[in-house]
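S.K.: As a plain string of letters, each chain reads:
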Amino acid sequence: MSKYQVNDNGYYGDFGGAYIPEMLYPNVEELRQQYLAIIQSAGFQEEFDQLLRDYVGRPSPLYLAERLSDRYGANVFLKREDLNHTGAHKINNTIGQILLAERLGKKRIIAETGAGQHGVATATVCALKGLQCVVYMGAIDIQRQAPNVARMKMMGAEVVAATSGSKTLKDATNEAMRDWINNPVDTHYIIGSVVGPHPYPDMVARFQSVISAETRKQLLEKTGRETPDYAIACVGGGSNAAGMFYHFLDSPEVKLVAVEAAGKGVESGESAATTVLGREGVLHGSRSLLMQTDDGQVVEPYSISAGLDYPGIGPLHAWLHKTKRATYASATDDDAMQAGLLLTQLEGIIPAIESAHALAQLEKMTFAANDNVVVCLSGRGDKDLDNYMKYFGF
Amino acid sequence: MMNRIKNLFANKGDKRILSIYYTAGYPTLNSTVDIAEALEKAGVDFLEIGFPYSDPVADGPVIQHSSEMALRNGMTLDVLFDQLKDLRKRVNIPVFLMGYVNPVLQYGVENFCKACAAVGVDGTIIPDLPMYEYEEQYQTVFETHGLSNIFLVTPQTSEERIRKIDRLSTGFIYLLSSSATTGKNLTVSENTESYFSRIRAMELDNPTVIGFGISNHDTFVHATDHADGAIVGSAFVKLLDDPEYSTKIAPFIQQLSPSVP
Numbered sequence: 001m002s003k004y005q006v007n008d009n010g011y012y013g014d015f016g017g018a019y020i021p022e023m024l025y026p027n028v029e030e031l032r033q034q035y036l037a038i039i040q041s042a043g044f045q046e047e048f049d050q051l052l053r054d055y056v057g058r059p060s061p062l063y064l065a066e067r068l069s070d071r072y073g074a075n076v077f078l079k080r081e082d083l084n085h086t087g088a089h090k091i092n093n094t095i096g097q098i099l100l101a102e103r104l105g106k107k108r109i110i111a112e113t114g115a116g117q118h119g120v121a122t123a124t125v126c127a128l129k130g131l132q133c134v135v136y137m138g139a140i141d142i143q144r145q146a147p148n149v150a151r152m153k154m155m156g157a158e159v160v161a162a163t164s165g166s167k168t169l170k171d172a173t174n175e176a177m178r179d180w181i182n183n184p185v186d187t188h189y190i191i192g193s194v195v196g197p198h199p200y201p202d203m204v205a206r207f208q209s210v211i212s213a214e215t216r217k218q219l220l221e222k223t224g225r226e227t228p229d230y231a232i233a234c235v236g237g238g239s240n241a242a243g244m245f246y247h248f249l250d251s252p253e254v255k256l257v258a259v260e261a262a263g264k265g266v267e268s269g270e271s272a273a274t275t276v277l278g279r280e281g282v283l284h285g286s287r288s289l290l291m292q293t294d295d296g297q298v299v300e301p302y303s304i305s306a307g308l309d310y311p312g313i314g315p316l317h318a319w320l321h322k323t324k325r326a327t328y329a330s331a332t333d334d335d336a337m338q339a340g341l342l343l344t345q346l347e348g349i350i351p352a353i354e355s356a357h358a359l360a361q362l363e364k365m366t367f368a369a370n371d372n373v374v375v376c377l378s379g380r381g382d383k384d385l386d387n388y389m390k391y392f393g394f
Numbered sequence: 001m002m003n004r005i006k007n008l009f010a011n012k013g014d015k016r017i018l019s020i021y022y023t024a025g026y027p028t029l030n031s032t033v034d035i036a037e038a039l040e041k042a043g044v045d046f047l048e049i050g051f052p053y054s055d056p057v058a059d060g061p062v063i064q065h066s067s068e069m070a071l072r073n074g075m076t077l078d079v080l081f082d083q084l085k086d087l088r089k090r091v092n093i094p095v096f097l098m099g100y101v102n103p104v105l106q107y108g109v110e111n112f113c114k115a116c117a118a119v120g121v122d123g124t125i126i127p128d129l130p131m132y133e134y135e136e137q138y139q140t141v142f143e144t145h146g147l148s149n150i151f152l153v154t155p156q157t158s159e160e161r162i163r164k165i166d167r168l169s170t171g172f173i174y175l176l177s178s179s180a181t182t183g184k185n186l187t188v189s190e191n192t193e194s195y196f197s198r199i200r201a202m203e204l205d206n207p208t209v210i211g212f213g214i215s216n217h218d219t220f221v222h223a224t225d226h227a228d229g230a231i232v233g234s235a236f237v238k239l240l241d242d243p244e245y246s247t248k249i250a251p252f253i254q255q256l257s258p259s260v261p
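Line by line, the protein sequences give chains A and B. Following my numbering, the residues of the first sequence are numbered contiguously, the last one being 394. Following my numbering, the residues of the second sequence are numbered contiguously, the last one being 261.
Simulated from the structure, these hints should not be mistaken for laboratory data. Be careful, since some hints might not be right.
[Unchecked claim] Calculated lysine-lysine pairs in the BS3-like style (CA-CA distance at most 25 Å, straight line):
no.: 1; chain 1: B; residue 1: Lys184; chain 2: A; residue 2: Lys167
no.: 2; chain 1: A; residue 1: Lys107; chain 2: B; residue 2: Lys184
no.: 3; chain 1: A; residue 1: Lys364; chain 2: A; residue 2: Lys324
[Claimed, not checked] Pair by pair, the computed Cβ-Cβ distance ranges are:
no.: 4; chain 1: B; residue 1: Ser158; chain 2: A; residue 2: Met365; range: 48 to 54 Å
no.: 5; chain 1: A; residue 1: Ala368; chain 2: B; residue 2: Thr144; range: 55 to 61 Å
no.: 6; chain 1: A; residue 1: Glu158; chain 2: B; residue 2: Asp86; range: 48 to 54 Å
no.: 7; chain 1: B; residue 1: Thr247; chain 2: A; residue 2: Asn182; range: 32 to 38 Å
Bear in mind that the values here come from a model prediction, so they are computed numbers and not experimental data. Glycine included, every Cβ here is placed at the ideal spot set by N, Cα and C.
Build the full structure now, drawing on both the sequences and the hints.
M.R.: Structure, rendered in structure tokens:
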């Protein structure tokens, strides 16, 4: 078995596990015992593939961005997750988890959301399957992301404001976990990233791994080689990066680059660069890297991008960082905004600010002329227009 | 040190054991030991002192609030152990520390256990430290320092798992009245009755104490009809909001458990 796969105890090397109160044990244990059998069953695979194809619009294109390639002196391919239904990679995971929840006989779905992309993707699949949906969202994020709140409500979801702590993603996750504790029998919690207690990180990574599975095939067609020289993705909790890296983990010739949000600068005190600022700790059910005080209190992160504004990182990433299988870089708010504008002007694609962090990394790298570089364009920027307008004064 | 808790249950006779939870450093940074002393005087049998965490997922609004205020007041594990230096000069009843695992990891598990033992803490309740991890990485060091780690049981916990918890426990077993965050009211239903009876019928080696949702005399009596004791948390923490709380501790305990002198 690959050293980058989760082991039987739910660990990636030193990271992972299931640090959950007893109240969540039956739910998490039920998932742990059943998730592999369910997602590997023929019926599940067939419905998952069919929905990804006919509903989400997969495979997402692998686009050779020529003007971007000229600028960086390499072949830059964009994996177009932004073209998925609901506008980001998040739907790959929510489709998988809703099919799993159905098979577990769950009647009620809960989720946390930051910018609202995962909340929208969850509300979408609940509408599709006719299941009750409750989305927890920080009170501050509800104000910042009104259009996504409206989308969720139109699809029949109840959006509940998390009013504790900093009133953002971390607090929304706390509220979702409290809901699950109070509703231990009929409810499934759709976590949106490769975080949480085992088996969530592995399960979400598997659902997102369609990104790199398709990329291998598409690269073979376009370049004659299944693997790129570089695969680059942004990391908050790390789900699109996990999906982009998954089928390249055991191809050591592929250099994996993850880009965290440096906010106003890694050392500015307003940052979300967990691999630099974090230490080993436990949050939301797994042992990983975590931004925290000496006393073990979680530190509030900051990024202009709500989707990267998380004080931890999935345990798979903590392990890839520790083993140096992947390189963890960072991009500031300014780097990302400039990279977002550049893509818009060179290619006519407005990226999500999250994905713009991955694009910003291209500016800092030097490539050989024939290098093939794949960047995961994890989401589209429609939701960020307000931010772009304010930043550039359009 | 485990003797304090063992003796309590061994010698309790018909007594209904009452335990109180409160958060260290709340309402004021230095109120921790004064409250402990007042609770012992009021007749409480053992204490759970919470050390605050920024992300208390198993807690409802009241204990979330007390934790947040305690952190703002400057409470840390370092400060707490310093406050507890003279604990055993002032308080004789068993004391457990209750909190989340991350502050313990940062303090260092070994250092944490040493500090607990040094100040006379009898044991710990760490809800997000699951049994598997405890056995793998923590049990030896906890036992070396004579600490009794308490595990939770919910209505959904399987019999097999309860048996395992019984084997691993050295003080008591913490029965949650329902699967819930703290601060909800205990509602007596056929389900809770059959759950409590099921646990009683198992004839566990360890005493049982019911917590979560115990807030007044009726729920206290109901809980202790089914178990050796009961724990009151949120209802007491709410009382501490009152600026005059120090005069209200004794009457509060009196109305919960009037049999206490």
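S.K.: Can you give the numbers of the hints that this structure goes against, from lowest to highest?
M.R.: none
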